[in-house]
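Chains as they are written, first to last, in this note's numbering: chain U, 1 to 456; chain Z, 457 to 672.
It should be emphasised that the hints constitute simulated quantities derived from the structure, not laboratory data. Glycine included, every Cβ here is placed at the ideal spot set by N, Cα and C. Don't take each hint at face value.
[As the list claims (entries may be wrong)] Simulated restraints on C-beta separations:
1) Ser369(U) to Arg662(Z): 24 to 30 Å
2) Arg373(U) to Gly584(Z): 44 to 50 Å
3) Leu219(U) to Pro606(Z): 46 to 52 Å
4) Thr612(Z) to Arg384(U): 21 to 27 Å
5) Pro606(Z) to Arg268(U): 46 to 52 Å
6) Arg384(U) to Gly624(Z): 36 to 42 Å
7) Asp285(U) to Gly624(Z): 29 to 35 Å
8) Ala422(U) to Ser628(Z): 35 to 41 Å
9) Gly584(Z) to Ala422(U): 54 to 60 Å
10) Gly584(Z) to Leu229(U): 52 to 58 Å
11) Asp285(U) to Arg632(Z): 18 to 24 Å
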Amino acid sequence: MSLLLRLSALVVCILLLSMAVGAVNLVANVRRAVSDEMSSSLELTTMLLQLQVDADHGREPASIAVWRDRLQALRYSRHLRLSLAGPGHEEAAPVPGPGAVPGVPGWFVRIIAPRGPELLRRIPLGDGGQQVIVRADPADEIAEAWGETRLALMTLAGFGMLATALVYAVLRRAMAPLAALSNALQQFEAGNYDVRLSRSGVPDIDRATESFNHMAGVLSQSRDEMTHLAQRSLAIQEEERRHLAHELHDGLGQSISAIKALAVSIGRKADPRTSIPPSAAMIADVSSSMYDQVRSMMARLRPSILDELGLVSALSSMIDDWNSHHEDLFCSFEHVRPLPDLPPEAAINVFRIVQEALTNVVRHASASSVSVRLRARDDDGGLRLEIEDDGTGFDPATIRRGLGLVGIEERVRAMGGSFSLAARPGTGTKFDIVIPRCQALPDERTVLETQDTAGR
Amino acid sequence: MNAPSSKLKILLVDDHAVVRAGYRTLLDDVPGLEIVGEADNGDLAVKMFIDTAPDVAIMDLSLPGIGGLEAIRRIVQRKHDARILAFSMHEDTVFVEQALQAGARGYITKSSAPNVLVEAVRQIAAGGMYLDPDVAQRLAFQKTRGASSPIAGLSTREFEIFCLLAEGETVSDIARRLSLSGKTVANYATQIKSKLDVSSVAEIARLAIRHGFVKV
Numbered sequence: 001m002s003l004l005l006r007l008s009a010l011v012v013c014i015l016l017l018s019m020a021v022g023a024v025n026l027v028a029n030v031r032r033a034v035s036d037e038m039s040s041s042l043e044l045t046t047m048l049l050q051l052q053v054d055a056d057h058g059r060e061p062a063s064i065a066v067w068r069d070r071l072q073a074l075r076y077s078r079h080l081r082l083s084l085a086g087p088g089h090e091e092a093a094p095v096p097g098p099g100a101v102p103g104v105p106g107w108f109v110r111i112i113a114p115r116g117p118e119l120l121r122r123i124p125l126g127d128g129g130q131q132v133i134v135r136a137d138p139a140d141e142i143a144e145a146w147g148e149t150r151l152a153l154m155t156l157a158g159f160g161m162l163a164t165a166l167v168y169a170v171l172r173r174a175m176a177p178l179a180a181l182s183n184a185l186q187q188f189e190a191g192n193y194d195v196r197l198s199r200s201g202v203p204d205i206d207r208a209t210e211s212f213n214h215m216a217g218v219l220s221q222s223r224d225e226m227t228h229l230a231q232r233s234l235a236i237q238e239e240e241r242r243h244l245a246h247e248l249h250d251g252l253g254q255s256i257s258a259i260k261a262l263a264v265s266i267g268r269k270a271d272p273r274t275s276i277p278p279s280a281a282m283i284a285d286v287s288s289s290m291y292d293q294v295r296s297m298m299a300r301l302r303p304s305i306l307d308e309l310g311l312v313s314a315l316s317s318m319i320d321d322w323n324s325h326h327e328d329l330f331c332s333f334e335h336v337r338p339l340p341d342l343p344p345e346a347a348i349n350v351f352r353i354v355q356e357a358l359t360n361v362v363r364h365a366s367a368s369s370v371s372v373r374l375r376a377r378d379d380d381g382g383l384r385l386e387i388e389d390d391g392t393g394f395d396p397a398t399i400r401r402g403l404g405l406v407g408i409e410e411r412v413r414a415m416g417g418s419f420s421l422a423a424r425p426g427t428g429t430k431f432d433i434v435i436p437r438c439q440a441l442p443d444e445r446t447v448l449e450t451q452d453t454a455g456r
Numbered sequence: 457m458n459a460p461s462s463k464l465k466i467l468l469v470d471d472h473a474v475v476r477a478g479y480r481t482l483l484d485d486v487p488g489l490e491i492v493g494e495a496d497n498g499d500l501a502v503k504m505f506i507d508t509a510p511d512v513a514i515m516d517l518s519l520p521g522i523g524g525l526e527a528i529r530r531i532v533q534r535k536h537d538a539r540i541l542a543f544s545m546h547e548d549t550v551f552v553e554q555a556l557q558a559g560a561r562g563y564i565t566k567s568s569a570p571n572v573l574v575e576a577v578r579q580i581a582a583g584g585m586y587l588d589p590d591v592a593q594r595l596a597f598q599k600t601r602g603a604s605s606p607i608a609g610l611s612t613r614e615f616e617i618f619c620l621l622a623e624g625e626t627v628s629d630i631a632r633r634l635s636l637s638g639k640t641v642a643n644y645a646t647q648i649k650s651k652l653d654v655s656s657v658a659e660i661a662r663l664a665i666r667h668g669f670v671k672v
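Here chain U stands alone, though its shape is the one from the complex (with noise of 0.2 Å):
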């Protein structure tokens, strides 16, 4: 249950409660007065009867016909029943008993209905043996009780109600900044980091408030800094493999070259009967399986193809070498054009991806084939590469991250991309690498320019 609930749950409680003492107070209250009023309605009934009583000893008694007219004026006194009595007639007026009160619940009657012994006074009148009966009825105020009571108690349940809505609004509102938060969490939780929350005007919120966003910052801050330095680092590895590439073309490529030369020219001068000719073919051919391995290793360094022709071209063209190296593996291609153009960064984070995945496949996977998947993203322009395998894949939770692995995360992150990984034991592995529309990173050079443009 959320917070906002309990909270307002408790609220409610401790409202029913005090509403329920206020509730039997109030009929405690009303049942007291109802009894109060009858005993003194009776009392000072009896005693102004009593009175006429006293008055008329003396004189002629009253005959029953005169105490009947009394009476009868006296009949619409509330609360009372009065009646004559004497020997041989009772003139008793039906009282209603308690449970019976017209338009009041039973519950109620039986709550407020004074108990005991029946509320009843006789007066004696002379010696005759006649007598008045009055006797309490508290029918009526009982009605009148429960008007009072039924009005008290609805008003009480409305403001219940009200009170109920009131706090639960309050606590909504005291307690939205809290969601706001849950939901940042959230979001920080999916990897967006640059997600704030406003100010609430509660103070010990807006402290807690402060605190997350400066904890968003500095977390923005320093994945920034970590996607900058994996940028720079891989900048820094692709700059030392061009150089590399480089100095093998310049240097030993070039070596070699000339000793496959010097051994043809050596081949083709030597005397044919000695060994010479053999020995010098064989020098040829050592030369040209090492002038190949440096070209793969260069090719491997920097494919130059891709600057030329782009990545597509890049890609099809290495895949189509890994192919011819690896006789139970096949790699498929795919791509849907038209592609976005991708900065020359971007473009080799792709073809490493690629190649690092590729190379993953050949030690872990013992696949049959794999599939490499390139299409634009419709909605933004982005790209979406997948690389699947039909291997024996492996459970991402209990394996250590192998180089490979975070090498593709590295690149990936650098080029502001989300990378998912699907890979479950038997069932294969699928990366799934989207990169967003890339714009061009300035670098140092071109911010030099500008700033140089800038000063002229």
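We have chain U already, so just place chain Z on it with the hints.
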């Protein structure tokens, strides 16, 4: 030619002394050839070409300074009939295309150079063209593909196998010819069929004929 001797005059341009030494040794042994000069950068190459008027210049593409391609352009600008053989470590067809566009009459890679250099020099000196056989094949494959046809979506290797399949070669023939495993070629064949949306080799052949890749 305009040379007083009957020997072919050759200008050797490469920024690596060791390479020049190697090829000089190789060419010196060949009767009828004579190295008249060496240059180690593009500017010097242009100057020496004008000065020595060689029958053929052997020109590396990666040169310090103006670079091999620019050197070829400048030479051809001044001497329209200049005969230049580009030789390079690059095997990508794009370099071949650029060298030919700049005005080179031939292109050989450094890996095949020792074996084909002499022949290449002679053909070019005789007014012909010379392309490294591997490179020529790849260039042809790339050139003949129309950009809009479904075949444009094939990789170079796929296109090679497509042509061979269309010519009626079997998977094992192709595997032998391209030094690939039979399985790899079979996989390529499946992928080609799926890319071109055809189901049989016969349809591949029909498609190839319709687009003019295979003569009937």
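key: Hint check for Arg268(U) and Pro606(Z) - Cβ pair distance inside 46 to 52 Å   = With a Cβ separation near 49 Å, Pro606(Z) and Arg268(U) satisfy 46 to 52 Å, so the hint holds.
key: Range hint compliance [Cβ, Asp285(U) to Gly624(Z), 29 to 35 Å]   = holds, 34 Å
task = Hint says 54 to 60 Å; check whether the CB-CB distance for Gly584(Z) and Ala422(U) agrees.
result = holds, 58 Å
key: Range hint compliance [Cβ, Ala422(U) to Ser628(Z), 35 to 41 Å]   = Holds, since Ala422(U) and Ser628(Z) (Cβ atoms, about 37 Å apart) stay within the stated range.
query = Is the distance from the Cβ of Asp285(U) to the Cβ of Arg632(Z) consistent with 18 to 24 Å?
reply = Given range 18 to 24 Å: holds, Cβ gap about 21 Å.
Beta-carbon spacing of Thr612(Z) to Arg384(U) - inside the hinted bounds 21 to 27 Å or not = About 24 Å separates the Cβ atoms of Thr612(Z) and Arg384(U), which means 21 to 27 Å holds.
ask   = Lying within 24 to 30 Å: is that true of the beta-carbon distance Ser369(U) to Arg662(Z)?
value = holds, 28 Å
task = Take a look at whether the Cβ-Cβ distance between Leu219(U) and Pro606(Z) falls inside 46 to 52 Å.
result = holds, 49 Å
request  = Using the Cβ atoms, figure out if Gly584(Z) sits within 52 to 58 Å of Leu229(U).
outcome  = Holds: the Cβ-Cβ distance is about 56 Å, inside 52 to 58 Å.
Range agreement (Cβ of Gly624(Z) with Cβ of Arg384(U), hint 36 to 42 Å) = holds, 39 Å
query = Is the distance from the Cβ of Arg373(U) to the Cβ of Gly584(Z) consistent with 44 to 50 Å?
reply = Cβ of Arg373(U) to Cβ of Gly584(Z): about 45 Å, so the range 44 to 50 Å holds.
Violated hints: none; the structure is consistent with every hint.
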